[in-house]
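Work the whole structure out from these sequences, hints included.
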Amino acid sequence: MNSAASSPLHIALIGNPNCGKTALFNRLTGSRQKVANYAGVTVERKEGALRLPSGRLVRVLDLPGAYSLNAASPDEAITRDVCLGARADERRPDLLVCVVDATNLRLHLRFVLELAQLGLPMLVSLNMMDAAGRRGILIDREKLQALLGIPVVETIAIRKDGAGALLAALDNNLPAPPAPLPSETDLHGAVQGLLAAAVTVPRRTAEIDDALDRWVLHPVIGMLILSAVMFLMFQAVFSWAGPFQDAIETSVAAGGNFLSAHLPVGMLRSLLVDGVIAGVGSVLIFLPQILLLFLFILCLEESGYLPRAAFLLDRAMLASGLSGRAFIPLLSSFACAIPGIMATRSIQHPRDRLLTIMVAPLMTCSARLPVYALLIGAFIPDRTVLGLVGLQGLVLFALYLVGILTALLVAWIVKRFGSGHVDTALLMELPSWRLPNPRDIFIGLVERASIFIKRVGGIILALSVLLWFLASFPAPPADWHGTAIEYSFAGHIGRAMQVVFAPIGFNWQICVALIPGLAAREVAVSAMATVYAISGGGDAAAAQLAPVIAAQWSLGTGLALLAWYIYAPQCLSTLAVIRRETGSWRMVAISLAYLFALAWVAAFIAFHLGGMLSGVIAGAGSS
Amino acid sequence: MNLSLLKRGAHAIVEAVESSHASDAIAQRLRELGFVQGEPVSVVAFGPLGADTIAVQVGFTRFALRRSEAARVRVSLQIA
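The listed protein sequences correspond, in order, to chains A and B. Start counting the first sequence at 1; every next residue gets the next number (this note's numbering). Start counting the second sequence at 1; every next residue gets the next number (this note's numbering).
Mixed in with the good hints, there may be bad ones.
Some chain B residues near chain A, calculated using beta-carbon distances under 10 Å [as the list claims (entries may be wrong)]:
#	residue
1	13
2	16
3	30
4	33
5	36
6	46
7	60
Think of the hints as simulated: they come from the structure by calculation, not from any bench. By construction, the Cβ of each residue, glycine as well, lies at the ideal position given by its N, Cα and C atoms.
Now the structure itself:
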């Protein structure tokens, strides 16, 4: 028996995609997870820790899912290299825990046999035993164990005590590595033999898969379902988050009022109320919407729907030069371009991957949501169209749609005028449908919320303070006739930028707010809150921004800013990820340049359209 | 015949995967995923816009393939 005093055990979870490895990893390590990157590549490295019943510490590495050691993507290359001990910065695991889907041993056991050739100690974890039970699949665990020469345990990762057998097995001494098969063995044939001896399967497919896929994969009805799901997502994000946002708004306003009441008028009070609270508060208000969006995406991912959506969209996307596999990275980009761009590692062909990376920022990321919500709230009337659909939600959906259509157009242009043809593979597994597991969704959401709050706490706070400083100093002399902020650094910078931005209707306040918006998109809202709060004389005005700009800006300006933000050059963090993924500053520069150009042109068009609309509305109102 | 010509709902048996060129990684991956001799295979659905994408069931797994990928798989129809 290994004592608690001995060194930690290093194990790696390995398996085909869709074996429930992530759920098992969550079950084993809970919140003790660390996510980083493998050096030199943009493959995610997930490590966690756990304590065995005996007290021994175990370090768990969650390797990227792979179908075989014949790597077909950077992900799979990492898995292969770590198993072979070929990475200098990563030690070879002491033990491989092969996670297999008990409902699909026909596919998953092949990889186990392939791994057995490596000469490493191994354990097999038969996961999803609950689903296997429901489908009437009978597995003789002991027989399988004897035939494989590898210890086999049963796990149900989504149950609270579902990893008990695995933990107990880890507490034993390391098993001897399995005897390797002769090198020319037909692995599939060997798996057939194992299944014939140890497994009974009543039917090849799950009833639920047949029933659902009949509609979801249907060429017409499937597309309707997809459109409905997307539309529901956007409507919900704009409508359901309401009560939570009101709660946050009230707290923020209360905080501001409290400070105003208890601090003497002066720099400190101005800094805290007009800088910090106005800035940070106006962005926190949008946390519920962002979380709701992520909730939808996580549920779609966990349920098994996303590859089916990729199946439906592949042909259309291919016409634009994108692959169906780009759907998942692009969908993730709706939440945040950073994980979206990192997800492009699943696209094998480098040119295809590059194109998806360049186009990902056009998928309206959640950081733009605060800006959209603010502007829609200020300029789009809260009416119902056809008695069914909120106009505001519809406009939001339209904004997203424009981003998507532009992305398809850009991809098409690149394909048309680019060189060579792209020979990519779709070849995607459509996993069995399953109910999203609340615990895994929750862990995913918490991860997302903490990233967002760190950004708010970190970059946005720093920038809010910086902007407050720029907007407060130098203070104007007593005989200054304009507002204080016009005299400050911020005012000067804003007016200087007007050369470029006046034609699209941006006043200097917007120009000033755009600069910190480069660091983090949400900051544009907090920057404007700070700028207007200061101009307005210091009341806690974070939640009052919408009526202020509705009163002071023209419709053209509001629409121009909306249009600008569909394309606006992305935040510094995204640029950093693009640099890492593509390894090229040129790509970063191209990305910045083409997005700036698109944004400027779109804002120009919107500004003048808005001007015409105002004229029409004014004319109609006066008749 | 090859898999890309199979009608929806028809059942067939895989005979072999043919590489379309030397070191055809797609063909290799198809074999690893279970498109091997004797495996039952059927078409579950065709994608919209010209049926260029095919959802197939091979063994116990469902995959989405393009026509060009499915064309590498030689099958023989099962006389049911």
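Which numbered hints turn out to be false for this structure? Checked against the structure, the hints that fail are numbers 1, 2, while the rest are satisfied.
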